[in-house]
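Line by line, the protein sequences give chains A and B. Reminder that position 7 of the first sequence reads as 7 in the working numbering, one-by-one numbering, no gaps. Take the position in the second sequence, starting the count at 1, then add 151; the result is the number in the working numbering.
Don't read these hints as lab results, they were simulated from the structure. Some hints here could point you the wrong way.
[Stated by the list, open to error] Result set (DSS-like, lysine-lysine): computed pairs, CA atoms no more than 30 Å apart in a straight line:
| # | chain 1 | residue 1 | chain 2 | residue 2 |
| --- | --- | --- | --- | --- |
| 1 | A | K109 | B | K163 |
| 2 | A | K109 | B | K164 |
| 3 | B | K221 | A | K109 |
| 4 | A | K34 | B | K221 |
| 5 | B | K164 | B | K221 |
| 6 | A | K109 | B | K210 |
| 7 | B | K163 | B | K253 |
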Amino acid sequence: MSQFLITIVFIACAYFIGNLIENRHYSYIKEREKRFLNLPTVTTKDLPLAEEEIYEARLVYGSVVISVDYFKRILAGLRNIFGGEVSSYETLLDRGRREAILRMKESAKDAIGIVNLRLETSSIGQLANKRGSIGSVEILAYGTAIIPKRK
Amino acid sequence: MIITNIDYVPDKKIVEHYGIVMGSTVRAKHIGKDFIASLKNIVGGEIRGYTELLNEARKQAVERMVMQAKQLGANAIINVRFATSSITQGAAELYVYGTAVKVE
Numbered sequence: 001m002s003q004f005l006i007t008i009v010f011i012a013c014a015y016f017i018g019n020l021i022e023n024r025h026y027s028y029i030k031e032r033e034k035r036f037l038n039l040p041t042v043t044t045k046d047l048p049l050a051e052e053e054i055y056e057a058r059l060v061y062g063s064v065v066i067s068v069d070y071f072k073r074i075l076a077g078l079r080n081i082f083g084g085e086v087s088s089y090e091t092l093l094d095r096g097r098r099e100a101i102l103r104m105k106e107s108a109k110d111a112i113g114i115v116n117l118r119l120e121t122s123s124i125g126q127l128a129n130k131r132g133s134i135g136s137v138e139i140l141a142y143g144t145a146i147i148p149k150r151k
Numbered sequence: 152m153i154i155t156n157i158d159y160v161p162d163k164k165i166v167e168h169y170g171i172v173m174g175s176t177v178r179a180k181h182i183g184k185d186f187i188a189s190l191k192n193i194v195g196g197e198i199r200g201y202t203e204l205l206n207e208a209r210k211q212a213v214e215r216m217v218m219q220a221k222q223l224g225a226n227a228i229i230n231v232r233f234a235t236s237s238i239t240q241g242a243a244e245l246y247v248y249g250t251a252v253k254v255e
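Working from the sequences, and respecting the hints, build out all of it.
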């Protein structure tokens, strides 16, 4: 009985702390996304550039390793039985992608735009090779920053 | 060394192609950090230890690629791609490849 109670408390803790961390992360992401509204980031290979200026190109990247909490992992496990949309993992990947893109933009100082954005997802960590489980995912965003050269 | 992931270098003409260059590295983290990561798996969120590990490793892979390109006499690498794969538990391979070229 006591073992059962401990498990319940453990899951509840994971739920509350996990939610807290996620909400805080989302508000942090939104705050930073506002700062980069005027930095065009595209997946195409060219950007309309002014002819008279000379530009430099530099590879920029940002990455994040992010993990889901225990409660959501259980939810996803239940989902595996009935099938359907696993929304608990969707927020995880959404957070990760937005964070990775933000980090990439932060490393592109004085760029006027980023072209050819690519996103790469891989599952790493100790649970990575166990069947049917997502341990933690790494998300990498990379692209080419176009920087005007000062004369 | 100019590195881009587009197939040209802005405002520069490619004069010579040297073919593919690549760099890769396989990394594992020590047990202490793996333990912290497994704790982090309970509450979720970012695992900083792993982010740092992969960033360091990626930097090394890029350096190896750049070294290879320098040996060929190139001064730019275009069309760079990254790939990550986890080969065993707790170890990851980071791979980066591109085309070495000479620009004006």
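We went through each hint and held it up to the structure:
no.: 1; hint: A/K109 / B/K163; result: 22 Å, holds
no.: 2; hint: A/K109 / B/K164; result: 25 Å, holds
no.: 3; hint: B/K221 / A/K109; result: 26 Å, holds
no.: 4; hint: A/K34 / B/K221; result: 40 Å, violated
no.: 5; hint: B/K164 / B/K221; result: 18 Å, holds
no.: 6; hint: A/K109 / B/K210; result: 18 Å, holds
no.: 7; hint: B/K163 / B/K253; result: 10 Å, holds
Of the numbered hints listed earlier, the single one contradicted by the structure is hint 4.
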